[in-house]
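Undergrad: Going down the list, the protein sequences come from chains P and E.
Using my numbering, read the first sequence as starting at 24 and increasing by one per residue.
Using my numbering, read the second sequence as starting at 4 and increasing by one per residue.
Just so you know, not all the hints are guaranteed correct.
Unchecked claim - Pairwise CB distance ranges (calculated): (1) P:S59 - E:A36: 31 to 37 Å; (2) E:V33 - P:V39: 40 to 46 Å; (3) P:V66 - E:L352: 38 to 44 Å; (4) E:T200 - P:S69: 28 to 34 Å; (5) P:G154 - E:L134: 44 to 50 Å; (6) E:R146 - P:I304: 42 to 48 Å; (7) E:V223 - P:P239: 54 to 60 Å; (8) E:F48 - P:Q271: 22 to 28 Å; (9) E:L352 - P:D215: 31 to 37 Å; (10) E:L352 - P:L65: 37 to 43 Å; (11) E:E268 - P:D217: 33 to 39 Å.
No lab work stands behind these hints, which were simulated from the structure alone.
C-beta atoms are modelled at their ideal positions from N, C-alpha and C, and glycine is treated no differently.
Here's the letter readout for the chains.
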Amino acid sequence: MNEHATPALANSTAQVPRSRGQARLRRYKELWSSFSSNRLALVGLSIILALIAIALLADLIAPYSPTTGGLGQRLLPPSTAHWLGTDDQGRDILSRLIHGARPTLMVVSLVMILAAPVGLLVGTVAGYAGGWVDAVLMRITDIFLAFPKLILALAFVAALGPGIQNAVIAIAITSWPPYARIARAETLSVRDCDYVAAVRLMGASPLRIVLRHVMPLCLASLIVRVTLDMAGIILTAAGLGFLGLGAQPPMAEWGAMIASGRRFILDQWWVAAAPGVAILIVSLGFNLLGDGLRDALDPRGERE
Amino acid sequence: MAGPNAVLQPALSRPRRARGRLFALVRFVVMLATTLLGLLAMTFFIGRVIPVDPVLAVVGDRASAQVVERTRIEMGLDRPLIEQFGIYVARVAQGELGQSVLTSRPVLDDIFRVFPATLELATYGTLIGVLFGVPLGVMAAVRRGGLIDQLVRVVGLLGYSIPIFWLGLLALLLFYAKLGWVSGPGRIDVVFEYTFTPLTGIYSLDALLRGDWSAFANIVSHLALPSALLGYFSLAYISRMTRSFMLHELSQEYIVAARAKGLPERTIIWRHALRNAAVPLVTVIALSYAGLLEGSVLTETVFSWPGLGLYITNALANADMNAVLGGTVVIGAIFIGLNLLSDLLYRTLDPRTRRR
Chain P
24 MNEHATPALA NSTAQVPRSR GQARLRRYKE LWSSFSSNRL ALVGLSIILA
74 LIAIALLADL IAPYSPTTGG LGQRLLPPST AHWLGTDDQG RDILSRLIHG
124 ARPTLMVVSL VMILAAPVGL LVGTVAGYAG GWVDAVLMRI TDIFLAFPKL
174 ILALAFVAAL GPGIQNAVIA IAITSWPPYA RIARAETLSV RDCDYVAAVR
224 LMGASPLRIV LRHVMPLCLA SLIVRVTLDM AGIILTAAGL GFLGLGAQPP
274 MAEWGAMIAS GRRFILDQWW VAAAPGVAIL IVSLGFNLLG DGLRDALDPR
324 GERE
Chain E
4 MAGPNAVLQP ALSRPRRARG RLFALVRFVV MLATTLLGLL AMTFFIGRVI
54 PVDPVLAVVG DRASAQVVER TRIEMGLDRP LIEQFGIYVA RVAQGELGQS
104 VLTSRPVLDD IFRVFPATLE LATYGTLIGV LFGVPLGVMA AVRRGGLIDQ
154 LVRVVGLLGY SIPIFWLGLL ALLLFYAKLG WVSGPGRIDV VFEYTFTPLT
204 GIYSLDALLR GDWSAFANIV SHLALPSALL GYFSLAYISR MTRSFMLHEL
254 SQEYIVAARA KGLPERTIIW RHALRNAAVP LVTVIALSYA GLLEGSVLTE
304 TVFSWPGLGL YITNALANAD MNAVLGGTVV IGAIFIGLNL LSDLLYRTLD
354 PRTRRR
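Could you put the whole structure together from the sequences, leaning on the hints where they help?
TA: In structure tokens:
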């Protein structure tokens, strides 16, 4: 992070930032200009913002109720009244898609809230402490890293019972290890820096050093990785929903909608097709956003 | 995901190199053992600790108090948890995964019966992924920013974003129902049920071994769609990784040296660069193979493919926990094995990482 800040500073010695806040603002501006020069990344960002807006305003935007329909209106093809047609219970598919943004967003943000801090903590502590703490923590991380994600999530949900919360827990349990790996790698690269030594000389406790001076530097790589993982999390959650283990009816969830549309795929293909397109668009959005963030935050190029 | 920082090391004497290889092997065995133990701890936790009453899951809620008590002791539930775990590990090590409620047969027998179907699908998927993915990735790296590079990017992005079960459904609708180019769900038409007897369980191989060409044609037309689908996802991953490995190799100095020597570009790319990129690529292919084995759960459900994935989902739907956990242990063990094997391969194939 420090390496690529230097040329930017050298270019603008005429206007050295006068305060911390100003420096931070300028850095955000630089990030934004490098990020926004990537058109695909902007597309990704708009998709995610749209997803959030739709999830928040679902009740206002959706033209019909997502859970009640008329039996006289079963499996109607797309028309002006029902833009995407209706499903087997006469419910408007567009309205269900709009409400389906909620569980999707919920799964993604809950997994992020649960898994990212755990990975960050494990990784920074292991990296900073070194020695046997590092060895033990990384051994555990490696064990979890080698687990098959989807199958374990299936088994977990099978034991805990189907439902969206349990799906979240199951996915979170298997998704923190890569974050720990990344955080540890970043920690190792800053651990022996002069500024850390300076803080230590000033008497900061290891806890304070890790929390205030190491963790912030791990955030950039972590955010990139988390964003790129979002697509995979959405696909896993949709897969669980498809198998009937995620959100339960009558809740509108995209994976479960595909599963229920499967029975009518030969004659009423739009019932199953529409939610798949929604999943595709959202995971594409996260992938594009993640790629853009990686290019903006990590100018060393593709690391994988 | 790229391996450890490979630093060129001076040539090593033979005994030291042998010791390095031994070290890698010991490391592999230790990693495998601890990771498998971790997996078993996980399935033990899922099967014994999470359920409120594991006995109830076995005998049902209409059993008498005596039966419940006897089963509790038989299952070892009156002992400390750590001892129970020890018993569980010992039983799994002997291949004892319990009885399936659904088929009322030992879970391990069921798994042996259904596994070849999964293996067949994942193998063809990986083959497709390697045959198309590697050349695509190489060409994308050679002409960076060119047409093929853009194609690889789009294929990769879509591969990481499309729900596989949804694409499978649409593919079935188009190529089976509307166009009739391929056969539908299942492994073989019902017509062949009495004339075709499997040998190994890998049907395409069995038909060849028996010289049954009409059955072979039918099997291939059943295989085409699901293996193409898995192949696409494998291709998306492999081509993207090949591209980035090749970009790395092509920027190395030995490439400049080869060019200065006047070697033809074709030799430089396919002989020199690809051969160096092949080492990390082997690990990527192993990982992709493991991923396909695991991803079979969704694909097999869509295509009614009677493999391990469908077995697990059927067991899930019927609350057959022994079968679910048994399947999880088997797929997990294979997944872990392939994962660590790819690590071992990386360490032994690349002369620069032989001794660390």
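Undergrad: Next, verify each hint and record whether it holds.
TA: Against the structure, the hints:
Evaluation of the 31 to 37 Å hint for S59 of chain P and A36 of chain E yields a failure: the beta carbon distance comes to about 50 Å. Range check, V33 of chain E to V39 of chain P: Cβ separation about 54 Å, and the 40 to 46 Å hint is violated. For V66 of chain P paired with L352 of chain E, a C-beta distance near 40 Å keeps the hint of 38 to 44 Å intact. Between T200 of chain E and S69 of chain P the Cβ separation comes to about 58 Å, which falls outside the hinted range of 28 to 34 Å.
Take G154 of chain P and L134 of chain E: their Cβ atoms lie about 47 Å apart, and the range 44 to 50 Å holds. Remark: the range hint 42 to 48 Å for R146 of chain E to I304 of chain P is contradicted by a beta-carbon distance near 30 Å. Remark: the range hint 54 to 60 Å for V223 of chain E to P239 of chain P is upheld by a beta-carbon distance near 56 Å. For F48 of chain E paired with Q271 of chain P, a C-beta distance near 24 Å keeps the hint of 22 to 28 Å intact.
The hinted window of 31 to 37 Å between L352 of chain E and D215 of chain P holds, with their beta carbons roughly 32 Å apart. Taking the beta carbon of each, L352 of chain E and L65 of chain P are about 42 Å apart, inside 37 to 43 Å as hinted. Separated by about 46 Å at the C-beta atoms, E268 of chain E and D217 of chain P break the suggested range of 33 to 39 Å.
Violation of the numbered hints given earlier is confined to hints 1, 2, 4, 6, 11; the remaining hints are satisfied by the structure.
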